[in-house]
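Using the hints provided, position chain B relative to the given structure of chain A.
So the protein sequences, as listed, match chains A and B. Under UniProt numbering, the residue at position 87 of the first sequence is numbered 87, and the numbers go up by one with no gaps. Under UniProt numbering, the residue at position 200 of the second sequence is numbered 200, and the numbers go up by one with no gaps.
It is worth saying that the hints were derived from the structure and are not from the lab. A portion of the hints provided could be inaccurate.
Unchecked claim - Among the chain B residues that face chain A by a calculated CB cut under 7 Å, a handful are:
hint, residue
1, V34
2, P71
3, Q107
4, T111
5, K144
6, T145
7, R167
8, P168
9, S170
10, Y199
11, R201
12, C205
13, Y209
To be verified - Computed beta-carbon distance windows for the label pairs:
hint, chain 1, residue 1, chain 2, residue 2, range
14, A, A607, B, S113, 26 to 36 Å
15, B, N183, A, A261, 47 to 57 Å
16, B, A91, A, G274, 30 to 40 Å
Unchecked claim - Dumping the calculated SDA-like pairs for lysine to any residue here, alpha-carbon to alpha-carbon at most 20 Å:
hint, chain 1, residue 1, chain 2, residue 2
17, B, K179, A, N231
18, A, K158, B, V172
19, B, K136, A, M114
20, B, K33, A, P112
21, A, K76, A, P262
22, B, K33, A, S259
23, B, K136, A, P112
24, A, K144, B, V172
25, B, K33, A, L113
26, A, K144, B, R167
27, A, K253, B, H139
28, A, K76, B, K176
29, B, K92, B, T187
30, A, K158, B, D171
31, A, K158, B, T78
32, B, K33, A, D255
33, A, K253, B, R201
34, B, K33, A, P256
35, B, K33, A, M114
36, A, K76, B, R167
37, B, K157, A, N257
38, B, K33, A, L258
39, B, K33, A, N257
40, B, K179, A, Q230
No experiment lies behind these values; they were computed from the predicted model shown. For glycine and all other residues, C-beta sits at the position ideal for the given N, C-alpha and C.
Next come the chains, spelled out residue by residue.
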Amino acid sequence: MSVMRIFRCIVAAIFALAGSSVAFAATSSTSKLSSSADAAHVHVQLVMPQSILNRGESADIGLYFKLEPGWHVYWKNAGDSGEPPRIRWTLPDGITAGEIQFPAPKRLPLGPLMDFGYEDEVLFPMTLTVANTVKPGPAVLDAKVSWLVCREVCIPEKAELALTESIPVQPIRPTASGADEDLYKRLLSRLPEPTPANAKVVFQPTADGFRLAWQGGQREASAQFFPAEQNILNNPAPQAATPLANGVVLDLKKDPNLSAAPAQLKGILELADGHAYEIAAVPGTIPAAAPGANASGLVKAAGLAFLGGIILNLMPCVFPVLFLKGLSLVNSHRQERAHQRTHGLVYTAGIVVSFWLLVGALLALRAAGATLGWGFQFQSPIFVALMAGLLFFLGLSLAGQFEIGLTLTSAGGSLAQKQGYAGSFFTGVLAVVVATPCTAPFMGAAVGYALAQSAVVTFAIFTALALGLAAPYLLLTLQPAWTRLLPKPGAWMEILKQATAVPIFGFVIWLTWVLASTRGAFAVLVLLSLFLLLAIAGWILGRWPAKRVPSFAVGVVIVTAIGICIYGLQKFTAPVSTEENSTASATNSGAQWEPWSQAAVDKYRAAGRPVFVDFTASWCLSCQVNERVALRTPQVEAAFKKANVALLKADWTERDDAIAQALAGFGRSGVPAYALYTSNSSDGPTLLPEALTPGIVVDALNKLPAATAASTATP
Amino acid sequence: MVHNSHLSTLSSWTAALLLSAAGLSLLASAQVKVGAPAPDFQATASNGKTESLDQFKGKYVVLEWHNQGCPYTRKHYTSGNMQALQKEWTAKGVVWFTVISSAPGEQGYVTASQENSYLNQMHADPTAALLDFQGKIGHLYSAKTTPQMIVIDPAGKVIYDGAIDNRPTSDVEDIKGAKNYVNEALTEAMAGKPVTTSYTRPYGCSVKYAD
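The shape of chain A in the complex, shown without the other chains:
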């Protein structure tokens, strides 16, 4: 009786799980087997690129999985949990199937765990060998396939698939290619390549893991290692990459229970450009990262960074802040020189220190495994909102609603002493913060180069950038003679100060739009409420200046406003989906921009189309400018159409690791970036400059191989 009870419970449990306990996707053995099957969340299929089995030859065959979004199947080393797919063949005498081959996987984080596997779609290729002795005629290739498909939960599934091929007496050559061939070709490129003969792969044990060096001949910005064997690495630990002049070094953490170092470190190494290699590293010496080896590159990058820093002064985001500094200089140029100079130096220090903090935070977060790039703080909606609030408040003050401290016109000899140096320092900080989204055209390459280098080089380049930003003001304070060229102080300064509020409010409008486009209408409501409360605070400050009780009230209002803002944004807004964004932009312009994914790039290139990718973000001002003045112009749209280019938009407004990785693959660390791919999948992309004109884009399109244009002309 108890056995019956257990049995009943089991049956009930299986049905309660909505039949997903073990899904048998195959048709029963009495009916005819099909080459494909649909199980829960998965479509599985046997794929033969050339539907021919010749005696004495071998043929390709693949096991293809198409997965529902969010579901994945596993690599041969599944990582911390999971199980790879298995296949058991039943083949006619004389036909044998080779080992299942696994393409390069993805890291699939799962809470504190890390699995290795595949999302969306994957093809596992195999080779069939047909002996000379095989009987001609129909041959049934029967495969029993079992796999585990997981999202948060896992479902083990099985299917029996079969293909019937006829074996000719005399070998025949394939004629037409079909859908299977396209699919096979497209996904075959995901298989790891053997390590090239000229590449050197070595590893060295460390106290808590291994250092793995890949020397393939050229500098690599980053890489990922997938261990072929289990229980070797601590899978979720981040793999910090240090570029070498001719490769890259990865710092890997070992499994704490690993007692002896392995003789070889086997697995797949995937470089930032997506190329994956099957490696077997042997113990050896790890070359030191040599920043000196690339000294000319460093000097060039530092020079560019310095120049970029100077140009940043003219950017609409930074100019108002610097303009105020300039006014104060005009106002006080009769003061003691020493004070002037010290103010200039303190201001410079403010800029340098905040660049260092920003870069330090970025590097620390990257070392901890986050995939972030330049401008990352603008990917936080709370940061954007508070930034807008800060500038709005500043705008109110400039427009004359309230004053803190002294007015411009009441200049006196003791002004500088009263002001203290903290003001100068934090003006520098503010300049840096508002400057980041305005990455000037010269800076994209420099910042990308800087962030891919060793920490010392990174800091050197950012110091050059900081000095460039500080240079104009610093020079004025160091060379008092030059300040004589500036006009005399007077009432015009008050007018000009109020006028400065206009670009500041313009900047606020832009930030509001950034927030609205990423977080929706409710976020705008939250932001406007923040503005209202800040306006009230400003009014109190203006009406009752420098009184204790009102000041306290202002403090309370501001803290409340910030609290509401943070709470409201976190609790009630979610990222607006990229599909909505892209549909909106597609209706705005004639051309169809689709959301970017590496799979989409591969798909269009496999279909013989060139691909153009626009790496952009709402908070990136130069991206918006490029889109308006170049990419969305009728001339360029027509050129895209003529060259049959597939248009993809990689929107980095919100944090996106895949996009950050793709950018790193180009040696870039931020947006804008524009990549043009030919339809030939072995070609690398061409990068367009950060400042686009219609002419630049059209020229690049004209340089596409003629073959692609011709092939699109034929039906």
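Chain B alone, transformed into the frame defined by chain A:
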């Protein structure tokens, strides 16, 4: 120079913001090592009692990570394999804790009464089923999968950590003929021998921790 003072207040705010926007918390991962002392824990069992590891010093203790919805766990329960192990070893004085680290809303999460009726239905016989919804014990021992097995010796040292057996599938048919690592570890340790296989890759579903 009007602005410097409020520029300074406002922009020190900005600087603070900048860092807080970047302030992501990092997970510490201290994994238990085989041969090292097993960290103590306290937990409420489904029978309402509070259990701790320290009170069982001097005894062998088995920890079994459990998720009744996981196909791999079900493999060992529908076959009766796990229950048989529990009976065999608790009869020999081993303390057997079934640990449920599934967070509320995740697969495998159960209330105390649901777990009690499950134990009853399955004729499972662990010393206790520990309700570890916050994943404290799970994180303490870096439990990755269900099932995952840990064996602790009377001195309080971890002597086995890993899979239940050497057939990492969800297929009931694979139980017969599989090498059961828990049986092996306990048998060897009780005979005073060192444990041959003390660390393996656990297989199964990932433990459904809270995010």
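Right, here's what the structure says about each hint:
1. A cut of 7 Å between beta carbons decides the hint on V34 (chain B): the least distance to chain A is about 5 Å, and the hint holds.
2. Here the hint on P71 (chain B) is kept, as its CB sits about 5 Å from the closest CB of chain A, short of 7 Å.
3. Checking Q107 (chain B) against chain A by beta carbon gives a least distance of about 5 Å; that is within 7 Å, so the hint holds.
4. Restraint check, T111 (chain B) versus chain A: the minimum CB separation of about 16 Å is more than 7 Å; hint violated.
5. A cut of 7 Å between beta carbons decides the hint on K144 (chain B): the least distance to chain A is about 4 Å, and the hint holds.
6. The beta carbon of T145 (chain B) is positioned within 7 Å of a beta carbon in chain A (closest approach about 5 Å), and the interface hint is therefore held.
7. Contact between R167 (chain B) and chain A, as hinted, is not supported at the beta carbon level, the nearest pair being about 11 Å apart and thus beyond 7 Å.
8. At about 6 Å, the closest approach between the beta carbon of P168 (chain B) and any beta carbon in chain A falls short of 7 Å, and the interface hint on this residue holds.
9. The closest approach between the C-beta of S170 (chain B) and any C-beta of chain A is roughly 4 Å, which is under the 7 Å cut-off, so the hint is satisfied.
10. Because the closest C-beta pair between Y199 (chain B) and chain A is about 5 Å apart, less than 7 Å, the hint holds.
11. Taken as an interface hint, R201 (chain B) checks out: its beta carbon lies about 4 Å from the nearest beta carbon of chain A, inside 7 Å.
12. For C205 (chain B), the shortest C-beta to C-beta distance to chain A is roughly 5 Å, which falls under 7 Å, so the interface hint holds.
13. Taken as an interface hint, Y209 (chain B) checks out: its beta carbon lies about 4 Å from the nearest beta carbon of chain A, inside 7 Å.
14. Taken as a hint, the range 26 to 36 Å is violated for the pair A607 (chain A) and S113 (chain B), whose Cβ atoms sit roughly 58 Å apart.
15. In this structure the supplied range 47 to 57 Å is violated for N183 (chain B) paired with A261 (chain A), their Cβ-Cβ distance being about 31 Å.
16. Taking the beta carbon of each, A91 (chain B) and G274 (chain A) are about 57 Å apart, not inside 30 to 40 Å as hinted.
17. About 19 Å separates the Cα atoms of K179 (chain B) and N231 (chain A), which keeps this hinted pair within 20 Å; it holds.
18. Our distance criterion of 20 Å between C-alpha atoms is met by K158 (chain A) and V172 (chain B), whose separation comes to about 14 Å.
19. Restraint check for K136 (chain B) and M114 (chain A): the C-alpha separation of about 19 Å stays at or below 20 Å, so the hint holds.
20. Straight-line distance between C-alpha atoms of K33 (chain B) and P112 (chain A) comes to about 17 Å, which keeps the hinted pair within the 20 Å bound.
21. At roughly 19 Å between alpha-carbon atoms, K76 (chain A) and P262 (chain A) fall within 20 Å of each other, so this suggested pair holds.
22. For the proposed pair K33 (chain B) and S259 (chain A), the alpha carbon gap of about 10 Å is at most 20 Å, so the pair holds.
23. Note on K136 (chain B) and P112 (chain A): the hinted pairing holds, with a Cα-Cα distance of about 13 Å set against a maximum of 20 Å.
24. A threshold of 20 Å between alpha carbons decides the hint, and for K144 (chain A) with V172 (chain B) the separation of about 17 Å falls inside it, so the pair holds.
25. For the proposed pair K33 (chain B) and L113 (chain A), the alpha carbon gap of about 17 Å is at most 20 Å, so the pair holds.
26. The hinted pair formed by K144 (chain A) and R167 (chain B) meets the criterion: a straight-line CA distance of about 18 Å does not exceed 20 Å.
27. Pair hint K253 (chain A) plus H139 (chain B) holds up; C-alpha atoms about 18 Å apart against a cutoff of 20 Å.
28. Our distance criterion of 20 Å between C-alpha atoms is broken by K76 (chain A) and K176 (chain B), whose separation comes to about 24 Å.
29. Among the hinted pairs, K92 (chain B) with T187 (chain B) is consistent with the structure: their alpha-carbon atoms are about 11 Å apart, no more than 20 Å.
30. Taking the CA atoms of K158 (chain A) and D171 (chain B), the gap is about 11 Å. The hint holds against a cut of 20 Å.
31. Annotation: proposed proximity of K158 (chain A) to T78 (chain B) holds, straight-line Cα distance about 19 Å (limit 20 Å).
32. For the proposed pair K33 (chain B) and D255 (chain A), the alpha carbon gap of about 10 Å is at most 20 Å, so the pair holds.
33. Taking the CA atoms of K253 (chain A) and R201 (chain B), the gap is near 17 Å; set against the 20 Å cutoff, the hint holds.
34. Note on K33 (chain B) and P256 (chain A): the hinted pairing holds, with a Cα-Cα distance of about 6 Å set against a maximum of 20 Å.
35. Restraint check: the Cα-Cα separation between K33 (chain B) and M114 (chain A) comes to about 19 Å, which is no more than 20 Å; the hinted pair holds.
36. Taken as a hint, the K76 (chain A) and R167 (chain B) pair is honoured in the structure, with Cα atoms around 15 Å apart against an allowance of 20 Å.
37. Only pairs whose Cα atoms come within 20 Å are accepted, and K157 (chain B) paired with N257 (chain A) is accepted, the gap being roughly 14 Å.
38. Only pairs whose Cα atoms come within 20 Å are accepted, and K33 (chain B) paired with L258 (chain A) is accepted, the gap being roughly 9 Å.
39. A distance of roughly 6 Å separates the Cα atoms of K33 (chain B) and N257 (chain A); the hinted pair therefore holds under the 20 Å criterion.
40. For the hint linking K179 (chain B) to Q230 (chain A), the alpha-carbon distance of about 18 Å falls within 20 Å, and the restraint holds.
Going through the hint list in order, the structure does not satisfy hints 4, 7, 14, 15, 16 and 28.
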